[in-house]
Amino acid sequence: MNDIDRPATGIPAADVPVADLPVVGVPAGDIRATGTPSEDIQARSTADRAARAALSAVVEPANRKVVARVYATGAEATWRAISRRDPHLDTDGVLARRAEGVDGAALLQHAAGLGIRFVCPSDAEWPAGFATMPDTLDAGTDSVPPPFGLWVRGNGSLAACEPRAIAVVGSRAASPYGRHVAGDIAADLAARGWIVVSGAAYGIDAAAHRGCLAMGGVTVAVLACGLDMDYPRSHSELLARIAQDGVVVSELAPGMQPMRSRFIARNRLIAALTSGTVVVEAARRSGALSTAHWAVKLGREVMAVPGPVTSEQSSGCHEWIRNRGAVLVTDADEVADTAGRLGPDAAPLAVGEERPLDRYSPDVRHVYERMPARAVTTVPDLARESGYPPPFVEQSLRELAAGGLVLAVLDGWVRVPGAA
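Numbered per our numbering, the sequence shown spans residues 5 to 424.
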């Protein structure tokens with residue numbers, strides 16, 4: 005980890021009151037109960053929180069080996085193992101070198117001063133959608149490792165997300181069509197009471213956030229860097245608006261810079277926070293499609309918006325619809341129908357525009373369709389053409405005439421132009 009990517013954890017321990025320092029980096033046998041049981045539990049909880057904060061500053065996101073150790077032995081023991089260069093976790097010593105000078109307690113205190121809180125799995129705000137992530141740790145390449153914790157900024161609560169949250173993601177280099185569709189879907193989802201989750205990037209992400217905010221909805225932005233910076237910088241105002249009623253989230257500690265691998269790992273959190281992911285525009289190799297891949301691993305719904313068949317920006321969406329099981333959606337009603345509750349979120353059956361001829365029985369329509377487009381016809385001629393008996397043909401023509409679709413003339417019957 006170079007200096008520019010070092011989290012703001014190098015605060016000297018002397019700057020932190022001794023009473024506030026958790027017991028981190030010492031053998032488990034040195035942690036002794038010195039007060040009441042509740043005080044001892046609180047001390048261990050504080051130590052666990054500091055260890056998780058330190059891990060988020062040192063270990064790259066989605067590191068299955070380290071996350072599995074945390075769930076097997078605890079965050080404190082895992083942090084001690086990294087600090088001591090456990091060869092099973094850190095064969096080349098990279099993590100140990102990155103851990104030098106990192107103090108979880110100081111990092112928590114520094115973040116609090118910036119208005120950033122740290123949410124752990126034991127907290128009420130921990131998203132319910134993350135509950136299945138630890139179960140995937142034995143799934144090899146299909147695993148979706150949970151974060152050590154989440155750094156959160158904003159007045160909303162993560163607990164309100166899944167199952168009433170939808171991810172809307174897509175290309176940074178979005179077309180006007182893609183931005184329009186993303187904004188409309190997000191706005192209409194917000195009007196239905198859904199939370200919209202995205203990554204605050206240019207293009208589709210920004211359009212989704214803004215569409216939700218335009219309806220007074222709640223939206224969540226998940227970043228691939230520390231929350232002490234806004235990324236991209238030009239979205240500082242947008243991120244501030246998101247934080248007013250929603251939250252800005254990252255698993256990376258303050259001071260951590262955005263990197264391509266961190267964006268890919270970040271997308272698993274977007275998928276896990278939601279009950280479904282909508283890809284609005286994405287080329288075949290678009291990074292936005294990684295969110296769809298994570299969603300599949302978590303058993304969440306994947307939806308895709310079709311685009312022009314000539315558009316490379318929509319080729320990834322078309323591939324997912326054709327070959328990967330994505331549900332084709334075109335609006336918020338169809339999104340809610342796919343990812344929402346049976347019954348209340350069901351979309352009405354789409355039907356075409358009703359035409360005047362639709363009001364008649366199939367047999368009467370058949371008589372009408374046998375009439376020439378512009379020429380006069382007679383009852384005997386229509387009877388031969390349609391196969392119906394003359395009395396039925398005449399009755400049908402009278403019904404059609406009452407509806408303004410045909411007209412009786414001197415020599416027979418004619419269609420009324422444009423009436424059907």
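Hints may contain errors.
[Claimed, not checked] What follows is a set of in silico ranges between Cβ atoms, one per label pair, in the way DEER data are often shown:
#1 Asp367 <-> Ala163: 56 to 62 Å
#2 Asp415 <-> Arg359: 23 to 29 Å
#3 Ser240 <-> Arg363: 55 to 61 Å
[As the list claims (entries may be wrong)] Pairs of lysine to aspartate or glutamate residues, derived as EDC-like cross-links and limited to a Cα-Cα distance of at most 16 Å, are as follows:
#4 Lys69 <-> Asp90
#5 Lys69 <-> Asp192
#6 Lys301 <-> Asp146
#7 Lys69 <-> Glu129
#8 Lys301 <-> Asp142
#9 Lys69 <-> Asp96
#10 Lys69 <-> Asp142
#11 Lys301 <-> Asp192
Keep in mind the hints are simulated off the structure, nothing from the lab. Ideal placement from N, C-alpha and C gives every residue a C-beta, glycine not left out.
Results for each hint:
| no. | hint | in the structure |
| --- | --- | --- |
| 1 | Asp367 <-> Ala163: 56 to 62 Å | holds (60 Å) |
| 2 | Asp415 <-> Arg359: 23 to 29 Å | holds (28 Å) |
| 3 | Ser240 <-> Arg363: 55 to 61 Å | holds (58 Å) |
| 4 | Lys69 <-> Asp90 | holds (12 Å) |
| 5 | Lys69 <-> Asp192 | violated (41 Å) |
| 6 | Lys301 <-> Asp146 | holds (6 Å) |
| 7 | Lys69 <-> Glu129 | violated (26 Å) |
| 8 | Lys301 <-> Asp142 | holds (13 Å) |
| 9 | Lys69 <-> Asp96 | holds (14 Å) |
| 10 | Lys69 <-> Asp142 | holds (10 Å) |
| 11 | Lys301 <-> Asp192 | violated (27 Å) |
Comparing the model with each earlier hint shows violations of hints 5, 7 and 11; every other hint is respected.
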